[in-house]
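*Asks:* Counting from 1, position 111 in the sequence shown corresponds to residue 116 in our numbering; the numbering is continuous, with no gaps.
Treat the hints as calculated values from the structure; they're not laboratory data. Misleading hints may appear alongside valid ones.
[Stated by the list, open to error] Cβ-Cβ distance ranges computed for the label pairs, FRET-style:
id: 1; residue 1: Asp-211; residue 2: Gly-99; range: 21 to 27 Å
id: 2; residue 1: Leu-313; residue 2: Thr-168; range: 40 to 46 Å
id: 3; residue 1: Asp-211; residue 2: Ile-263; range: 49 to 55 Å
id: 4; residue 1: Asn-189; residue 2: Ala-320; range: 29 to 35 Å
id: 5; residue 1: Phe-254; residue 2: Gly-146; range: 40 to 46 Å
id: 6; residue 1: Gly-334; residue 2: Asn-312; range: 32 to 38 Å
id: 7; residue 1: Lys-170; residue 2: Glu-275; range: 39 to 45 Å
id: 8; residue 1: Lys-378; residue 2: Arg-350; range: 18 to 24 Å
id: 9; residue 1: Asp-343; residue 2: Lys-378; range: 33 to 39 Å
Quick caveat: nothing in here was measured; it's all calculated off a predicted structure. Note that the Cβ used here is the ideal one computed from N, Cα and C, for glycine as well.
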Amino acid sequence: MYPSTSLAGTRGFEARLRARGREKGSRTDLIDQLNDQHFNQVQDNPGITRLSWLKRIKTLPVLCAVCGQWTILRMTATNTNKQYELIRSICYVGKIPTKYFTISPVNADQQVNKRIVIIPGNPGICDYYVTFAIKLFQATGSRWTIDCIDHAGHSGLQTNVYTLKQQIQHKLDYITQWISESTNLILIGHSIGAHICIEITKSLPDIRVAQCFLLFPTIERMAISPNGIRLTPKFASKFCRTAVASVCFLVSLLPNSIRERMVRWYHYPEASGVDPYCVEATSRLLNKDVVYNCFFMANIEMQEVVNLDVDGIKANLDRLCFYYGQSDGWAPLTYYKDLKEKFPRGQILLDSDNTPHAFVFKSSELIASKVAKEIQNLW
6 MYPSTSLAGT RGFEARLRAR GREKGSRTDL IDQLNDQHFN QVQDNPGITR
56 LSWLKRIKTL PVLCAVCGQW TILRMTATNT NKQYELIRSI CYVGKIPTKY
106 FTISPVNADQ QVNKRIVIIP GNPGICDYYV TFAIKLFQAT GSRWTIDCID
156 HAGHSGLQTN VYTLKQQIQH KLDYITQWIS ESTNLILIGH SIGAHICIEI
206 TKSLPDIRVA QCFLLFPTIE RMAISPNGIR LTPKFASKFC RTAVASVCFL
256 VSLLPNSIRE RMVRWYHYPE ASGVDPYCVE ATSRLLNKDV VYNCFFMANI
306 EMQEVVNLDV DGIKANLDRL CFYYGQSDGW APLTYYKDLK EKFPRGQILL
356 DSDNTPHAFV FKSSELIASK VAKEIQNLW
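Could you build all of it, start to finish, from the sequences and the hints given here?
*Replies:* Next comes the structure, spelled out in structure tokens:
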């Protein structure tokens with residue numbers, strides 16, 4: 006089951022659709038016509054690295070307004086290796102429009118009672134995790150569907166801001182709304198996503214969540230971590246949040262090609278190993294509403310993620326797997342040692358490859374292979 010989608014298109018495209026919709030007198034006829042028109046444009050060429058929605062992405066959602074109502078037009082093409090189908094689209098979680106992606110076997114009937122859900126860090130933009138999810142899907146035998154969704158307000162579709170508690174509820178709503186109750190879940194949380202995963206595990210029935218993998222987890226003392234000490238004053242400053250949002254607004258006015266070059270230069274100065282999905286994600290981040298939401302959420306994190314949830318971890322210890330980095334500025338080595346001391350029987354692992362906290366930029370395949378080994382032992 007996939008969510009239905011909705012998104013505002015460009016003014017010109019919307020106007021043409023409304024005009025044509027009035028001519029047709031039927032949204033169904035118009036949908037069928039545009040489906041045929043746009044599906045024929047999808048080219049399955051994985052060698053293309055330009056950020057082209059039509060060329061590089063294997064699923065094309067076309068979202069538009071017809072006769073004054075938002076309507077979805079979604080076309081799907083499968084990858085040439087016939088292993089998976091990648092859907093990148095938008096759904097409503099409650100009343101919140103949310104971007105998401107789903108990777109599923111070409112034969113969708115396989116292993117339908119098992120599913121992996123990735124909860125992102127902050128920024129909560131799911132595109133950062135596409136490569137990680139693809140590598141994880143392949144490393145686990147291409148058997149299980151994988152979902153990843155944006156944080157509320159991080160999709161750039163609205164101006165509302167959301168607290169950490171609302172973000173937790175947002176993920177619970179997604180699971181209950183769009184995933185069958187009979188489906189067993191593996192949750193993968195990165196950074197603040199680890200904190201959210203623990204809260205989800207506490208809220209759902211025990212039988213629902215088989216395991217949580219908490220990658221570079223920020224689950225305690227965030228404000229006094231090395232990065233927290235440096236950045237908390239900036240997150241707390243409304244002036245700083247507004248200033249950064251304003252700069253992002255100005256950058257967003259630049260042509261997309263220039264923004265892409267800027268992002269590539271920043272993340273990949275050596276011009277090798279470029280992850281085009283991460284480039285696209287950072288380009289999405291250069292949006293005043295998104296970046297303001299990221300700063301607002303980070304400020305709440307500094308205030309609320311303070312004490313370790315000892316009771317919650319103890320109650321679910323057999324379903325939690327922690328993975329810490331050796332030089333993580335958000336979850337330093339001392340936090341790993343403290344957790345090991347508190348829970349000597351817990352599955353608390355330390356990375357041996359000096360992988361950075363933001364592993365998605367260059368180490369997605371490495372981390373995916375490590376998580377895959379644990380999943381294969383479980384399922």
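*Asks:* Evaluate each hint against the coordinates.
*Replies:* Here is how each hint holds up against the structure:
no.: 1; hint: Asp-211 / Gly-99: 21 to 27 Å; verdict: 25 Å, holds
no.: 2; hint: Leu-313 / Thr-168: 40 to 46 Å; verdict: 20 Å, violated
no.: 3; hint: Asp-211 / Ile-263: 49 to 55 Å; verdict: 51 Å, holds
no.: 4; hint: Asn-189 / Ala-320: 29 to 35 Å; verdict: 19 Å, violated
no.: 5; hint: Phe-254 / Gly-146: 40 to 46 Å; verdict: 44 Å, holds
no.: 6; hint: Gly-334 / Asn-312: 32 to 38 Å; verdict: 20 Å, violated
no.: 7; hint: Lys-170 / Glu-275: 39 to 45 Å; verdict: 41 Å, holds
no.: 8; hint: Lys-378 / Arg-350: 18 to 24 Å; verdict: 20 Å, holds
no.: 9; hint: Asp-343 / Lys-378: 33 to 39 Å; verdict: 26 Å, violated
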